[in-house]
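Chains as they are written, first to last, in my numbering: chain A, 1 to 261; chain B, 1 to 261; chain C, 1 to 346; chain D, 1 to 256; chain E, 1 to 256.
If you're looking for bench data, these hints aren't it; they were derived computationally from the structure.
Be aware that one or more of the hints could be misleading.
Reference listing, derived: stretches of chain B covered by chain A, where coverage requires no fewer than 3 residues with Cβ under 8 Å from a Cβ of chain A [said to hold, decoys possible]:
| # | region |
| --- | --- |
| 1 | 41-50 |
| 2 | 98-107 |
| 3 | 112-118 |
| 4 | 128-140 |
| 5 | 183-192 |
| 6 | 208-214 |
The C-beta atom is built at its ideal place from N, Cα and C for all residues, glycine as well.
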Amino acid sequence: MTGGGLARQWAPPALLMAGLLAAWEAGCRLLRVPAFILPPPSAVAAALWEMREPLFRVHLPVTALEVAVGFVASGVVGVALAAAMRLSPHLARALYPLVVASQTIPVIAISPVFLLWFGYTLTQKVAVTVLISFFTVTVNTYDGLRSADPDLVDLLRAAGATRWQIFTRAEVPSALPLFFSGLKVAAAVSVIGATIGEWLGGEAGLGVFGRRMVSSLRAAPLFASVFLLSLLGIGFFLLIAWVERWAIPWHFREVQGRRSA
Amino acid sequence: MTGGGLARQWAPPALLMAGLLAAWEAGCRLLRVPAFILPPPSAVAAALWEMREPLFRVHLPVTALEVAVGFVASGVVGVALAAAMRLSPHLARALYPLVVASQTIPVIAISPVFLLWFGYTLTQKVAVTVLISFFTVTVNTYDGLRSADPDLVDLLRAAGATRWQIFTRAEVPSALPLFFSGLKVAAAVSVIGATIGEWLGGEAGLGVFGRRMVSSLRAAPLFASVFLLSLLGIGFFLLIAWVERWAIPWHFREVQGRRSA
Amino acid sequence: GKAAGPAPSAPAAGAATSGQAAGPAASGQVPAQSGAQAGAQRPVRDVSVVLDWYPNAVHSFLYLAQENGYFEQEGLKVTFKMPAENPTDGIKLVGAGRETFALYYQPDVLVARANEQIPIVSLGAVVRHPLNAVMARQSKGFKSPRDLEGKTVGYPSIPLNLAIVRTMVKSAGGDPDKVTMKDIAWDLIPAVATDKVDAISGGYINHERVLLEKQGIPLTVFRPTDFGVPDYYELVVITGEKTAREDRALVEAFWRAAARGFADMKKDPRHALDVLQKHQAKEFPLDREVEEKSIQILLPLMDPGDGRAFGVQDAATWRQVAEWMKGQGLLKGDVKPDEAFITAGG
Amino acid sequence: MLQAPEVAGPVLSVEGVSFSFRQGRQVVQVLKDVSLRVEAGEFVTLIGPSGAGKSTLFRIVAGLLEPSAGRIRLRGGRGGVAYMPQRDCLMPWRTVLGNAALLLELRGVSRREARERAMALLPEFGLDGTADRFPHQLSGGMRQRVAFLRTVLGSQELLLLDEPFGALDALTRTAMQDWLLGLWERLHKAVLFITHDVEEAVLLSDRVYVLGGRPATVVGEVRIDLPRPRSSHLVTDPGFVAYRRRLLGLLRGAIG
Amino acid sequence: MLQAPEVAGPVLSVEGVSFSFRQGRQVVQVLKDVSLRVEAGEFVTLIGPSGAGKSTLFRIVAGLLEPSAGRIRLRGGRGGVAYMPQRDCLMPWRTVLGNAALLLELRGVSRREARERAMALLPEFGLDGTADRFPHQLSGGMRQRVAFLRTVLGSQELLLLDEPFGALDALTRTAMQDWLLGLWERLHKAVLFITHDVEEAVLLSDRVYVLGGRPATVVGEVRIDLPRPRSSHLVTDPGFVAYRRRLLGLLRGAIG
Ligand SMILES: Nc1ncnc2c1ncn2[C@@H]1O[C@H](COP(=O)(O)OP(=O)(O)OP(=O)(O)O)[C@@H](O)[C@H]1O
Ligand SMILES: Nc1ncnc2c1ncn2[C@@H]1O[C@H](COP(=O)(O)OP(=O)(O)OP(=O)(O)O)[C@@H](O)[C@H]1O
Ligand SMILES: [Mg+2]
Ligand SMILES: [Mg+2]
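Work out the full structure, taking the sequences as your base and the hints as a guide.
This is how it looks when you write it as structure tokens:
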């Protein structure tokens with residue numbers, strides 16, 4: 001891609017972003033939104049700079065680790081559940097309601113249970129993250145597994161393929177596009193999962209930091225930590241989007257061959 | 001379906017459910033888990049019965065309304081964003097990071113902003129629900145819109161179809177399966193969205209009820225309210241799954257013609 | 001001392017009915033006058049109160065004032081707002097002029113004013129002494145805060161607790177640096193009950209303590225004021241500086257009604273609980289036993305005694321607390337404790 | 001590049017078109033310096049070995065791919081080419097009727113009228129009674145006929161047909177060929193036709209281009225001077241047989 | 001119902017099979033009392049008008065649909081039928097090589113060996129140099145050849161081929177036909193073949209069944225007594241022409 005093309009591609013979003021920030025800053029000043037409710041971006045930036053040491057050195061790495069472990073665990077749990085449900089309709093009927101129910105449970109309601117089982121450990125944060133993120137992976141992967149081309153499945157069946165062969169050869173590859181959509185959502189949601197996990201108790205992490213700032217009424221550093229959480233989420237999301245392009249190239253064929261070489 | 005078939009279909013999940021409940025009950029008793037941390041199902045059932053009046057008459061309807069409105073709004077916002085992003089790549093590049101970032105923001109951090117804008121109203125609860133639920137609809141629908149068969153799109157392009165015609169005739173129908181997967185997730189997640197909305201302030205609703213029970217260490221009624229939240233979530237989920245079957249029959253063709261009439 | 005008398009309002013005001021409510025007037029702002037009747041009857045004003053927590057025994061004076069028409073007689077139509085999961089919402093919304101009144105904690109009022117320039121003032125002390133205490137299971141065998149050395153104390157994110165524990169341990173002759181403080185967010189009771197921490201700071205003697213003892217977990221309780229922490233007001237009512245300055249009459253009317261409510265609460269605590277319960281109807285069946293214990297603990301801490309008016313605030317208290325907090329590094333900049341409160345009706 | 005509409009001259013002219021696919025780092029040239037033209041009302045066929053580049057050329061003409069060299073002139077301009085792809089590309093979510101009416105709808109014909117016009121032609125295409133079926137409920141040949149019907153209904157000046165009868169049995173095929181010839185004679189549309197069947201090419205065309213070589217180029221152009229109207233009885237006609245042999249020869253050369 | 005394997009008798013016997021599709025509330029009968037059989041090493045072809053029910057019968061034989069009446073006997077038992085569907089059904093996520101090796105892999109051949117065996121045959125199928133391409137990078141005819149290769153590699157006793165050469169030009173088609181005949185003569189596998197091309201039927205088969213009517217049943221069975229090995233030169237042979245005419249006649253009757 002040429003430099004000009006790159007500029008054309010990224011100039012509009014950059015402009016929009018700049019515009020939004022400017023509007024936010026102006027809004028805060030003109031509408032006299034109190035800074036303790038919504039600090040202007042300049043104040044957030046200042047807080048980010050001022051608190052760079054604790055934020056980047058202490059809290060960001062802790063949360064990033066929780067998000068990473070929690071996200072991977074969510075993926076594993078999500079896929080395992082979807083696969084089990086696809087391979088056993090009985091299990092599917094039994095598990096699906098429970099899986100859906102798990103999403104409706106306020107974490108705060110069962111936080112004592114988490115506490116009892118896991119204490120204030122990384123495991124506890126990972127468990128909360130999994131609870132919050134696995135669902136979208138499960139639903140998407142399960143639906144993906146069901147979306148295999150029936151004619152292709154028939155071909156395999158006719159050839160005497162076992163259930164497992166049909167699963168691995170036809171259903172799993174067919175599920176990948178939906179799986180990745182779910183995984184991208186999970187990547188973003190894992191961040192909030194880790195944050196909530198930290199709210200249930202912890203000594204370090206952006207969530208703990210943010211909660212402290214809330215308690216001491218310090219909005220600017222709070223928003224600075226939220227900003228870092230967002231960066232973390234966007235980072236994980238982009239990572240998965242990139243892996244997706246690489247893992248299922250056939251799904252993105254539309255770009256190929258459209259222009260001549 | 002015959003009665004025997006129905007029994008065969010539903011007996012295993014029912015048994016599993018019963019087994020889980022029995023294990024829970026036994027676990028609570030044998031391991032002496034304090035009832036204020038994890039009440040046995042019998043206690044939850046008792047609380048559900050005892051508190052049936054406030055739960056069913058007062059709080060369930062409030063929350064159900066919030067969930068319903070919030071869910072519909074999430075669907076609308078989610079689809080609108082996805083469509084806008086699909087139709088304008090510039091917008092997509094600009095919005096996608098923001099959309100992802102929105103998922104990483106702890107609601108509690110911006111609760112004063114919500115309250116400042118919306119007060120302690122239904123709108124506030126709906127706003128929180130949308131914030132929490134629209135994302136999965138957006139990502140799935142956007143990915144769905146990109147999954148249209150490129151050969152089909154070519155057919156339309158060759159025939160001189162406008163961008164809008166390609167969008168409505170090819171991309172929108174192609175997006176429906178992914179859209180519905182996202183919508184099902186949103187249906188379940190809306191419940192937690194409304195609950196969190198209620199935490200930010202509210203007079204009635206299962207979330208408010210539960211929060212109060214947490215504060216007064218009354219785990220059994222708390223779990224009773226969580227149980228109702230789960231039922232609500234499962235109900236909405238099943239509703240969407242049913243609409244899905246009805247709306248995109250071609251996607252479920254695998255069941256057709258497999259057996260002779 | 002400055003005293004806010006429970007000034008009885010003019011009987012004429014009792015005629016004001018809520019039927020005349022002048023729309024959803026922005027709280028704290030001067031309302032639209034309904035010209036014709038302005039002379040004879042006081043216009044009804046909408047005001048809001050953001051509670052500090054879900055409605056419990058401590059709020060029964062407000063519900064009594066509501067129930068017995070004291071607010072109405074002052075021309076006020078009061079709406080109680082449920083507190084948020086985020087406990088600082090009340091102070092921020094009052095500071096932003098979105099809500100009229102809020103219940104909050106004295107030390108945090110100082111933090112808000114000094115560190116974050118949130119324009120709020122306290123207009124009356126509701127609970128005049130700390131409810132916050134350090135609690136541990138009796139089985140731990142702690143005899144003094146000094147025994148917390150080498151132990152873990154859980155607290156709910158609020159930095160004030162760090163200062164309280166430090167001060168208490170030090171005053172008992174221990175080394176505060178040897179105490180591990182652990183942020184356990186909102187799960188104070190389960191943390192103690194399941195022995196995830198050795199003690200907690202931030203629990204209230206009228207709530208966590210009552211609940212834990214009800215579960216059969218006997219506690220050792222160390223009160224901050226016994227160990228070097230200045231006596232502070234656990235709960236005050238705040239309003240925006242602007243309201244305090246420009247709408248003093250509103251503030252006073254509100255407090256007059258509140259004080260009458262407290263008088264009734266003191267007279268008949270059981271009835272007070274009945275009213276509290278009634279206002280929540282069947283929605284949230286309160287745990288009567290817990291609330292009764294709570295109100296017994298609260299009443300002496302709410303009553304200024306010596307015939308002084310309900311809510312009266314002492315400048316000395318504000319100064320001592322500010323000084324201590326400053327010493328603990330909780331306050332930055334120029335504190336001016338005398339400006340942090342007003343005396344309603346004074 | 002596609003050019004603005006022109007009033008005179010051929011309906012389609014392809015001038016020195018080359019095309020390459022990128023395959024990872026590799027570049028595979030498929031077409032090299034291909035030139036051909038279709039006059040108004042002419043029936044032109046393209047034959048060539050499998051994989052030569054016939055479909056690719058169609059996609060270039062339809063404006064779906066851009067040639068790396070050469071130019072395409074299309075009367076009526078870009079867009080509005082009714083293009084029948086080799087894969088039927090039916091919409092799984094539309095019924096037979098909906099699929100058949102698709103291109104008409106795109107041209108602004110009301111949904112109802114489009115469906116009525118499609119409905120009227122179903123019997124001639126052997127699709128009566130299938131109006132409300134979904135594509136997965138059709139046989140292979142029926143799917144192809146629906147795609148053909150869709151293209152015919154949506155066509156304007158030029159019909160681009162990529163092996164429209166590949167999945168049809170001899171008799172259904174003859175019926176469809178006759179129908180196509182009738183349409184063509186009646187409406188005098190120009191047709192560019194791909195087939196793998198040499199007999200079909202001779203039977204239908206005014207001119208036949210043979211594509212061959214690697215990268216492919218036009219290796220032969222044969223004008224079919226047989227009287228019209230033609231019918232499948234011609235097959236035994238000596239002139240027919242000669243044309244057939246000649247094309248097969250060209251095809252053989254194209255592969256070798 | 002499919003039966004347990006039998007050692008003697010025909011490789012496949014279809015006995016009085018009927019079949020109906022449900023379409024909403026309606027029930028459409030497609031096959032009625034169809035009987036046919038394929039002896040060991042025999043090459044049997046099925047022709048019939050488009051939409052008659054040929055593919056449906058294949059799907060029943062392959063065990064994908066259950067007949068409402070009648071029975072299927074299959075030597076070697078259920079499963080292990082290499083079945084080439086009319087739509088190629090290539091896996092978009094597998095390369096040419098991976099697709100060709102698919103059925104071999106299912107039979108427990110190691111991934112590596114399966115691919116090696118597929119690789120060895122690519123040139124004969126005119127697919128050299130395409131091993132690493134994905135299906136969407138192939139021409140229509142190439143896709144069909146990959147599907148054919150997949151079926152041939154995966155076959156055991158019986159080959160079920162549904163219009164395997166429908167998308168191929170005359171020459172490629174002849175090459176594939178010759179290849180199939182060679183394979184069949186060498187390995188003596190039984191073949192059940194669907195085609196819409198009557199010439200192809202005569203050229204390849206020992207026997208031809210004609211399916212027709214609505215619901216479809218066997219309207220004719222023709223034994224092709226032409227000497228083997230046969231080649232495309234036969235086309236002008238009077239015997240060949242007679243068979244051809246006879247089959248076309250049957251087909252015409254089947255439609256009418
Ligand atoms: N997207 C692609 N990427 C790379 N190569 C491609 C792509 N599409 C087609 N090809 C190659 O281009 C060549 C020509 O393909 P095309 O489909 O035009 O052939 P064709 O003449 O239509 O053949 P057939 O008669 O088999 O349909 C083939 O070798 C094919 O493999
Ligand atoms: N899933 C289905 N539901 C309803 N009807 C179907 C279904 N599949 C096929 N049919 C019908 O069954 C009939 C036979 O179809 P089949 O595919 O067997 O035909 P065929 O002989 O293979 O035709 P062709 O030569 O066109 O491939 C057709 O009329 C078709 O419309
Ligand atoms: Mg082609
Ligand atoms: Mg067929």
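Comparing the hints with the structure gives:
| no. | hint | in the structure |
| --- | --- | --- |
| 1 | 41-50 | violated (count 0) |
| 2 | 98-107 | holds (count 7) |
| 3 | 112-118 | holds (count 3) |
| 4 | 128-140 | holds (count 4) |
| 5 | 183-192 | holds (count 6) |
| 6 | 208-214 | holds (count 3) |
Checked against the numbered hints above, the structure breaks only hint 1 and satisfies the rest.
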